[in-house]
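**Student:** Between the sequences and the hints, there should be enough to build the whole structure, so can you do that?
Here is how the chains run, residue by residue.
2 protein chains.
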Amino acid sequence: MIRNMAQYTAPIQNLINALSRLPGIGLRSAERIAFHLLKLPPEEALKLAEAIRDAKTRIRHCSVCYNLSESDPCEICSDPQRDQTVVCVVEQPKDLLALESAGSYRGVYHVLLGRIAPLDGVEPGDLTISGLMDRLGRSTIREVIMGTNPTVEGDTTALYLQNEISKRFPDVQITRLARGIASGSSIEFANRNMLAEAIAGRQKV
Amino acid sequence: MIRNMAQYTAPIQNLINALSRLPGIGLRSAERIAFHLLKLPPEEALKLAEAIRDAKTRIRHCSVCYNLSESDPCEICSDPQRDQTVVCVVEQPKDLLALESAGSYRGVYHVLLGRIAPLDGVEPGDLTISGLMDRLGRSTIREVIMGTNPTVEGDTTALYLQNEISKRFPDVQITRLARGIASGSSIEFANRNMLAEAIAGRQKV
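Quick note, the sequences are listed as chains R and X, same order.
Per the working numbering, residue 3 is the first one in the first sequence, and the count goes up by one each step.
Per the working numbering, residue 3 is the first one in the second sequence, and the count goes up by one each step.
Don't read these hints as lab results, they were simulated from the structure.
Among the clues, some could well be false.
Looking from chain R toward chain X, a few residues come up when the C-beta cut is under 10 Å (computed) [claimed, not checked]: (1) Gln9; (2) Pro13; (3) Ile14; (4) Leu17; (5) Ser31; (6) Leu39; (7) Leu48; (8) Arg55; (9) Lys96; (10) Leu115; (11) Ala192; (12) Met196.
We put the CB at the ideal spot given by N, CA and C, even for glycine.
**Tutor:** Rendered as structure tokens:
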């Protein structure tokens with residue numbers, strides 16, 4: 003569809019432009035959202051503006067584990083009940099949240115803020131790996147759990163970390179999250195990789 | 003997919019919630035956009051907050067035609083070069099913008115801010131129809147052009163307006179935008195309605 007040449011009046015056009023820069027929002031969606039915001043009662047629309055401002059001013063990365071947090075160190079890193087000698091490495095804050103919601107992990111985390119993906123231009127130096135190495139150097143961490151995603155890029159990242167850690171900290175134990183059939187799924191619809199890993203990692207009952 | 007039970011820290015969760023209330027944005031997209039905003043340099047993210055605030059405080063509906071505008075009456079309604087005796091009725095401000103971009107219309111507009119759609123709960127009273135009737139009553143409008151969309155609901159709205167206007171202002175001429183083959187499209191892919199209207203409205207050359 004050919005775009006209209008005429009422009010909306012400046013404040014509307016600016017809003018559409020700002021919205022269309024968000025991931026997954028095209029020009030048409032941005033337009034729809036802008037008109038929706040213009041239709042809302044002012045206090046409703048300003049809630050979003052306030053939420054953005056609030057999040058940007060109050061949220062930072064924990065200087066220890068790089069999780070997003072209001073406090074530094076974050077609540078998990080400063081919790082005396084958590085086992086500070088076991089570190090689970092994850093790609094993103096949302097992975098940390100998913101693991102926390104399982105409620106069974108009592109160690110701490112390290113958030114890489116990405117995964118090694120040369121095709122997307124993400125090199126090891128773009129992640130928080132040097133922060134992890136610093137932690138391993140200065141504290142008494144005895145185990146690092148690889149909690150990267152079970153994807154090619156997640157596995158590549160885990161492999162890279164395993165090499166780096168075992169070279170520099172040979173006493174640290176390296177483990178990874180168990181793989182196999184997903185609980186609640188069915189074998190019929192499992193893919194070949196899942197089944198191969200389930201067989202290779204079979205457990206005694 | 004089962005949603006995580008754990009919640010992000012308040013400012014992040016508030017941002018995700020506010021974003022997920024936008025049209026076409028689900029919880030997953032809201033999460034992605036929130037993390038994108040958190041990653042941006044502050045001035046970039048605050049630009050969006052500012053654009054929302056700016057649009058909400060500076061933009062209002064023109065009290066004459068209901069177009070969105072910074073001034074009241076809007077630029078078109080207060081333009082002495084425009085023919086104030088011809089009014090084109092459109093559903094939304096973006097329809098007005100599309101017609102303006104064609105650059106050939108010199109009359110003024112009336113924006114209904116919707117179309118009659120009983121299934122969506124939109125009744126004539128929800129539109130700016132009484133505003134249009136007031137205009138017809140107090141000024142010297144000689145022609146009203148139906149510029150509603152060529153859809154069932156747009157046509158219903160136009161039909162309703164035609165009845166109302168011809169009852170109360172029998173001297174006002176009522177026209178509608180021409181229909182037929184869309185310029186630049188092909189007959190091969192035109193639907194039956196388009197072709198039927200093109201044949202019924204065939205023009206002398």
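**Student:** Take the hints in turn and mark each one as holding or not.
**Tutor:** Hint check results:
no. : hint   : verdict
1   : Gln9   : holds, 8 Å
2   : Pro13  : holds, 4 Å
3   : Ile14  : holds, 6 Å
4   : Leu17  : holds, 4 Å
5   : Ser31  : holds, 6 Å
6   : Leu39  : holds, 6 Å
7   : Leu48  : holds, 6 Å
8   : Arg55  : holds, 5 Å
9   : Lys96  : holds, 7 Å
10  : Leu115 : holds, 8 Å
11  : Ala192 : violated, 16 Å
12  : Met196 : violated, 16 Å
This entry does not satisfy hints 11 and 12, going by the numbered hints stated previously.
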